[in-house]
Amino acid sequence: MSGYGEAILVMLAINIVVALAGYLPLAAGQLNLGIAGFMAVGGYTSAYLTSAYHLPMGVGMAAGAAAAGLLGLLVAVPVLRTSGIYLALATFALGQVIQAAFLNIEAVGAAAGYPVKPYAGFTVVLSVAFGVLVAVLLLSRTRFALLLTATKNDPLVTELFGVDVRAIRVAAFSLGALIAGIGGALYAHHYSYLEPQNFNIMLSVYIALYVLLGGTQTVAGPIVGAAFFTLLPELLRAGSHWRFVIFAVLIILVMAVRPEGLITGALARRLRFGKRREAAS
Amino acid sequence: MSGAVFAQQLVNGIMLGGIYMLIAVAFTLAIGVLNFLNFSIPGIFMVGAIATWRALENGWPWVGAIAAGLLAAGVASYLVERFTYRWMRGLDHEIPLVSSLGFLILFENLVLIGYGSDQQTFPALMPDFNIRVAGLVIGTGQLISLVLALVLVIAASGLLERTRIGRGIRAVAENADTATILGVEIHRVVPALFILIGLLSGVSGILFAMNYLQVSAFMGHEIGLKGIAAMVIGGMGNIWGAILGGLLIGLIEVLSIAFFGANRADICVYGALLLLLVVRPEGLLGGSAIVREKL
Amino acid sequence: MLEVENLTVRYGRITALAELDLAVPEGRIVTVLGANGAGKSSLLKALIGLTPIAGGAIRWKGEAIHRRPASERVKAGLALVPEGRRILVSMTVEDNLKVGAYHRDDPAQVAREIDAIYQRFPNLAERRFQKASCLSGGEQQMLAVGRALVSGSSLMMLDEPSLGLSPIIIARLFELLVELNKGGLALLLVEQNTNMALSVAHEGHVLKLGRKIAHGTPQQLLADARLQEAYLGG
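Protein chains in written order, with numbering that gives the first Met the number 0: chain A, 0 to 280; chain B, 0 to 294; chain C, 0 to 233.
Bear in mind the hints are in silico, worked out from the structure with no lab data behind them.
Only a predicted model underlies this, so the values are computations on that prediction, with no experimental measurement involved.
Ideal Cβ placement from N, Cα and C applies to all residues, glycine included.
A few chain B positions that, by computed beta-carbon distances, are all more than 12 Å from chain A:
1. Gly58
2. Val74
3. Pro122
4. Leu124
5. Ile130
6. Thr139
7. Asn174
8. Ala191
Simulated DEER-style distance windows between Cβ atoms:
9. Arg12/C with Ala65/A: 45 to 53 Å
10. Asp153/A with Glu160/B: 37 to 45 Å
11. Arg80/A with Ile112/B: 41 to 49 Å
12. Gly157/B with Gly112/A: 48 to 56 Å
13. Gly112/A with Ile112/B: 26 to 34 Å
14. Ser191/A with Gly134/B: 46 to 54 Å
15. Gly113/B with Ser191/A: 30 to 38 Å
16. Arg80/A with Leu9/B: 28 to 36 Å
17. Ser191/A with Gly157/B: 56 to 64 Å
With these hints in hand, go ahead and build the complete structure from the sequences.
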């Protein structure tokens with residue numbers, strides 16, 4: 000494959016990973032506007048451990064994911080006491096604090112940025128991304144996915160059925176943070192350089208937006224959203240700002256006419272059913 | 000730090016707070032009345048400043064250029080109403096929030112396409128001299144901005160308290176159905192509110208440009224996001240809270256820069272926001288002066 | 000004055016009101032009776048313009064108004080005292096009355112009418128600058144009626160005004176309604192409190208599951224077995 004094609008696929012893979020990170024809390028009705036912060040934690044942790052302590056890249060990434068997930072768990076408990084607008088605001092504030100914190104940590108270069116040693120090539124990025132995708136797909140076939148939807152649709156009734164809604168929310172949020180950490184680590188090791196400015200609020204916003212554009216009812220939603228966002232400029236071959244304009248217009252239109260996103264549960268079922276029929280005939 | 004320097008920092012913080020105040024009020028109106036976290040406000044702030052700058056570049060007189068900026072901001076805000084809130088009334092409150100982020104991206108990138116990403120120089124409008132009072136240095140531009148911000152906020156508050164449209168807005172804020180059966184024209188009141196929000200954001204953007212003598216596509220980010228922090232700290236939906244919050248954020252920022260350095264200021268500002276959201280989400284002044292039951 | 004013809008209201012696939020005919024002549028009290036879910040509230044919401052209609056026509060003083068927004072219907076002289084009163088509790092008593100007069104452009108006259116309401120309800124006058132949340136249920140109902148009065152309406156529609164009020168307050172409320180009617184105000188009264196409603200009304204309609212099953216004078220309806228049936232189901 001050409002270098003250009005590989006570069007696009009790597010970008011797509013990383014975007015899908017972080018889309019899944021945004022998807023899990025959204026599936027439980029939580030808008031996380033601080034995903035870039037968790038990416039930064041995963042990326043910097045892995046970069047630091049592999050560069051300063053010469054740990055293997057796999058260990059670094061695992062540690063990065065764990066650090067992001069653990070931070071997610073720690074903040075989930077107080078932050079998830081709020082909901083709706085307050086939760087979106089709290090995650091926004093958290094993302095800002097994390098970004099500002101890395102701007103001050105001299106050990107990882109602070110504002111000057113931090114070069115990352117071990118390089119994650121095409122195969123590594125794609126395999127890890129594929130692993131994350133499979134894990135989320137498997138998760139979506141368990142009872143947990145059902146509980147996420149129930150928590151989103153009617154937390155009160157779900158609670159009445161004896162489900163610990165709060166635990167479900169904390170789990171979705173922390174798992175999302177963990178996956179964001181993996182995405183951040185992939186980013187760090189592939190692009191070999193980290194700057195706090197990369198992990199700004201707009202990155203979090205774009206991730207949340209393309210997940211919502213794809214839809215949060217099925218795992219296919221965030222994948223379609225990420226693919227759309229990554230491939231749009233390549234398809235258009237237009238100036239890079241136009242892709243954001245078109246993306247923004249699409250977001251506004253989709254939210255207006257089809258607020259559940261492009262891929263809904265019903266659509267996904269119909270497509271699957273169609274395939275089965277084809278296979279049968 | 001000596002007492003005099005500290006006092007000077009306090010003055011600087013209050014002056015900076017004046018800029019945050021107006022935008023915090025714009026955010027708080029959208030939240031208080033419509034339960035809408037309107038992320039397009041930083042974009043409208045920028046649109047107002049950019050339109051004024053363009054008009055000045057084209058040789059318009061000051062008054063005309065400022066009018067053009069306000070008009071652009073009002074129209075931009077009306078567009079946001081037309082395509083977010085109006086279509087989604089009654090649905091999940093996160094949907095208009097998401098669409099308003101779409102508008103923020105749209106406005107910024109259209110300006111990027113039109114005028115590039117560079118900082119553009121905004122001509123000096125106000126006399127650039129400082130007043131010295133009891134050893135404190137106060138910039139006239141900033142002082143005028145602060146006074147103007149306070150006047151506008153008090154005027155907006157008076158509009159809500161005492162006028163017919165203000166009563167209509169408050170009725171809609173409490174219960175849109177009840178307002179409807181009382182004959183309040185929601186299809187006029189809500190757009191009017193959005194235009195008010197747009198004008199406040201636009202004024203704030205123009206004042207910012209006049210003080211810092213530059214405009215750019217992303218100029219709304221930092222100010223807008225701090226405006227959100229100011230709104231939450233004061234108490235969402237509470238106009239006086241937005242004023243208090245604006246001043247507090249200005250002070251926190253200036254003082255944290257003085258004590259901990261510029262790179263740490265954001266940790267303090269957003270750390271304060273995060274802490275407040277966890278321990279006292281209703282904000283310092285509590286609930287909403289427009290309506291308490293909504294959130 | 001108000002004429003309803005073939006009115007149908009649907010929520011999705013559920014028909015709340017089917018092909019209803021009803022008229023309120025000038026200066027009359029008409030009551031609509033029926034159990035929960037009979038379509039009474041849907042009728043009033045459709046009349047004021049809160050719920051779109053699926054078919055039929057609403058005419059007010061000879062003009063079709065069913066396509067007009069609620070604000071224009073209020074301006075034309077319809078007023079609704081909604082179920083549960085729906086006082087704006089975050090606003091003062093005075094502001095609630097002023098919102099009632101939202102569409103009016105004669106502030107001096109409105110001020111006189113508000114004063115008249117305060118004279119009629121001294122309890123409201125005492126609390127005019129307090130938040131309406133401090134009012135008792137009965138006071139809230141008086142405020143809701145007062146609010147409808149200052150809109151300058153010629154037809155006041157009331158949705159279950161007796162709900163949740165003590166018998167004494169209910170009696171006073173109905174006295175007030177009769178008095179307002181004697182002053183020329185037409186009333187469309189939706190009630191579950193059948194006896195109270197029929198004691199003041201000139202005529203009544205009985206609804207069951209969205210359809211009219213009986214219509215007549217109070218005497219006729221009280222003697223009609225279908226009135227009992229409307230409440231007992233079957």
